[in-house]
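A.B. asks: Dock chain B against chain A, hints included.
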Amino acid sequence: MIAAPRRLTRTLGNAAFLVFCWAATGVALIALAAILWSLLRQGIGGLDLKVFTESTPAPGSEGGLLNAILGSVMMCALAMAVAVVVGVLAGTWLSEYARTSRYGSVVRFLNDVLLSAPSILVGLFVYEIVVAPLKGFSGYAGAIALALLAVPVITRTTEDVLRLQPVALREASVALGAPVWRTILAVIWKAAQGGMLTGALLAFARISGETAPLLFTSLNNQFLNLNMAQPMANLPVVIFQFALSAYDDWRRLAWTGAMLIAVSVLAVTIIARLLAREPRRS
Amino acid sequence: MEAGPARTARGAALDRVFEALCFSAATLLLAALGGIIVSLAIGGWPAFARFGFHFFTTATWDPVAEVYGALGAIVGTLVSSTLALLFALPLALGVAVFLVELCPSVLRRPIGTAVELLAGIPSIVYGMWGLFVFAPWFAKHIQMPAMMAAPAGSIWETLTAGVPNGAGILSASAILAIMILPFMAATLRELLMTVPSQVRESAYGLGSTTFEVMRKVSLPYVRTGAIGAVMLGLGRALGETMAVTFIIGNAHGLPTSIFASGSTIASTIANEFAEATGEMHTASLIALGLVLFVITFAVLALARLLIGRQAHA
Numbered sequence: 697m698i699a700a701p702r703r704l705t706r707t708l709g710n711a712a713f714l715v716f717c718w719a720a721t722g723v724a725l726i727a728l729a730a731i732l733w734s735l736l737r738q739g740i741g742g743l744d745l746k747v748f749t750e751s752t753p754a755p756g757s758e759g760g761l762l763n764a765i766l767g768s769v770m771m772c773a774l775a776m777a778v779a780v781v782v783g784v785l786a787g788t789w790l791s792e793y794a795r796t797s798r799y800g801s802v803v804r805f806l807n808d809v810l811l812s813a814p815s816i817l818v819g820l821f822v823y824e825i826v827v828a829p830l831k832g833f834s835g836y837a838g839a840i841a842l843a844l845l846a847v848p849v850i851t852r853t854t855e856d857v858l859r860l861q862p863v864a865l866r867e868a869s870v871a872l873g874a875p876v877w878r879t880i881l882a883v884i885w886k887a888a889q890g891g892m893l894t895g896a897l898l899a900f901a902r903i904s905g906e907t908a909p910l911l912f913t914s915l916n917n918q919f920l921n922l923n924m925a926q927p928m929a930n931l932p933v934v935i936f937q938f939a940l941s942a943y944d945d946w947r948r949l950a951w952t953g954a955m956l957i958a959v960s961v962l963a964v965t966i967i968a969r970l971l972a973r974e975p976r977r978s
Numbered sequence: 024m025e026a027g028p029a030r031t032a033r034g035a036a037l038d039r040v041f042e043a044l045c046f047s048a049a050t051l052l053l054a055a056l057g058g059i060i061v062s063l064a065i066g067g068w069p070a071f072a073r074f075g076f077h078f079f080t081t082a083t084w085d086p087v088a089e090v091y092g093a094l095g096a097i098v099g100t101l102v103s104s105t106l107a108l109l110f111a112l113p114l115a116l117g118v119a120v121f122l123v124e125l126c127p128s129v130l131r132r133p134i135g136t137a138v139e140l141l142a143g144i145p146s147i148v149y150g151m152w153g154l155f156v157f158a159p160w161f162a163k164h165i166q167m168p169a170m171m172a173a174p175a176g177s178i179w180e181t182l183t184a185g186v187p188n189g190a191g192i193l194s195a196s197a198i199l200a201i202m203i204l205p206f207m208a209a210t211l212r213e214l215l216m217t218v219p220s221q222v223r224e225s226a227y228g229l230g231s232t233t234f235e236v237m238r239k240v241s242l243p244y245v246r247t248g249a250i251g252a253v254m255l256g257l258g259r260a261l262g263e264t265m266a267v268t269f270i271i272g273n274a275h276g277l278p279t280s281i282f283a284s285g286s287t288i289a290s291t292i293a294n295e296f297a298e299a300t301g302e303m304h305t306a307s308l309i310a311l312g313l314v315l316f317v318i319t320f321a322v323l324a325l326a327r328l329l330i331g332r333q334a335h336a
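Read top to bottom, the protein sequences are chains A and B. In short: position in the first sequence from 1, add 696, done, that's the working numbering. In short: position in the second sequence from 1, add 23, done, that's the working numbering.
Isolated chain A, as found in the complex (with noise of 0.2 angstroms):
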């Protein structure tokens, strides 16, 4: 008499959960899907050849992107440049050498708080040691907070991949007489490059995005520029400017801009899931 209905309650309660499941999962796919459309349908309209071979215009007139778009790849490249060195040194330290030690943890946890800490505290920092002693915003200080951005996500990674490979790949190398750097080199990041070139595909990704930490570092510049010295136009910066203007043209760069920015950020996040699932040869 008493287990029926608590089968029956235990029965709904189960089904409502998974329904439940079931429903939050739709809700992620469908917020996915409803941002890349609405991008699709404003952008792809603006998407033309000037888009790609002339500069930000003024309100009013015809134009595209095309010194914003160079204005972000020179600022991504010279912070990839930078954010990969520091970043592979440093992941191989705490993989290499600092496995134990307590120095080793302290800046593995720190590096892990840095690495989702807010970016536009990163662009303050940058502001008041590049830009306000140097008395102007640049593409220099841009490059620098992103690659302040780059270099945990690269760390964490190099850190991640290196401990993933054998000890007894190391001992090998050692025992044919190679010293340590050489091991580590030729032989250990030979072996992990796959995943280390994850972990720079997933940074660029990151970093390609930000706006906050380059509003007041590389500020903005209308015109083409590539003087790296100067306040530079940068993809993000340029659609905040536009996309919240009361100009239509501007708002339909911004859309076409925002278009670009994602297309090409989940395009680098795809190749770098692809290559981190390929089977390691052996």
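Because the hints were derived from the structure by calculation, they are not lab data. Beta carbons are placed, not taken as given, at the ideal position from N, Cα and C, and that holds for glycine. There may be inaccurate statements among the hints.
Stated by the list, open to error - From the structure, some residues in chain A lie toward chain B, with a derived Cβ separation under 8 angstroms:
#	residue
1	GLY709
2	ALA724
3	SER734
4	LEU735
5	ALA786
6	TYR793
7	GLU824
8	PRO875
9	ILE935
10	ARG969
11	ALA972
C.D. replies: Below, chain B alone, put in the same frame as chain A:
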């Protein structure tokens, strides 16, 4: 015979150089974090010195009169992040359980990747989408009905008052919730996968339903890490800048209702820093930054301690 030892000596010397290089790179990270704290403290000092404790207890933000109080931005940050967490946590748990327990194995990889892509969309794109697509929808289907339904004179009416344009604290929280959902779902999923299958199967063998296995076996098993995942989501929401700047309405002062315009620490800095009117304005914005840093650092540090090194996002 000579070559061998000489080469070994050179190799060993380079060993020290290489280790020093790696060590300096790691120390650079530490220096960056230390530098952030020190530079924010120095830059914000004039504001703390001038306003003292009032900086935290007043909500006046008036660049013309040069009076700055952080309370409005601090409350806006905490309220929007907490609301975002309340929306995102059940959803993230649902997604994680779906991916671990329910998903047909053919769909597991594509759906998992799709959720990861949600995490990859840049903040500014969320902002644009939030302002131009989500806000109008939100105003029409959630804000207006809620305002209509509110009985006059009740607390409900106060809570839902505001301009029905869809920009405000609640819609900012909704966007934040979508943004932190994938991070929390990914961490929860990794945690749930660490539950030993013997334990789960034993519970199923006793006749438990999926819900009961989750509630009484799996979740208690990963409890500490799950709290860490929640804190990680909170940390992300607290510091999120661009999306919030687009949609929160950017009004200073204490928010009066959940639909009212407000501001967060990050959105205030993003909006005003490049065009700050004077030294005290700049100093106050940097002081706000320091407050944000202290809050997020505490939350993120706690999150990392709880999650541990096994499962990470």
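A.B. asks: All the hints need checking, so say for each whether the structure fits it.
C.D. replies: Against the structure, the hints come out as follows:
Hint on GLY709 of chain A holds. Least Cβ distance to chain B is approximately 6 angstroms, under the 8 angstroms limit. Restraint check, ALA724 of chain A versus chain B: the minimum CB separation of about 6 angstroms is within 8 angstroms; hint holds. Checking SER734 of chain A against chain B by beta carbon gives a least distance of about 5 angstroms; that is within 8 angstroms, so the hint holds. Interface hint at LEU735 of chain A: satisfied, since its Cβ lies 7 angstroms from the closest Cβ of chain B, which is below the 8 angstroms cut-off.
Against a cut-off of 8 angstroms between C-beta atoms, the interface hint on ALA786 of chain A holds, since the closest Cβ of chain B lies about 4 angstroms away. For the restraint placing TYR793 of chain A at the interface with chain B, the shortest Cβ-Cβ distance is roughly 6 angstroms, inside the 8 angstroms limit, so the hint holds. Interface restraint check for GLU824 of chain A: the shortest CB-CB distance to chain B comes to about 4 angstroms, inside 8 angstroms, so the restraint holds. Using the Cβ-Cβ criterion of 8 angstroms, the hint placing PRO875 of chain A at the interface with chain B is satisfied: the shortest such distance is roughly 3 angstroms.
Nearest Cβ of chain B to the Cβ of ILE935 of chain A: about 6 angstroms, under the 8 angstroms cut. The hint holds. Below 8 angstroms, beta-carbon pairs count as interface contacts, and ARG969 of chain A has one with chain B at about 6 angstroms; its hint therefore holds. Residue-level restraint check for ALA972 of chain A is violated (minimum Cβ-Cβ distance to chain B is 11 angstroms; threshold 8 angstroms).
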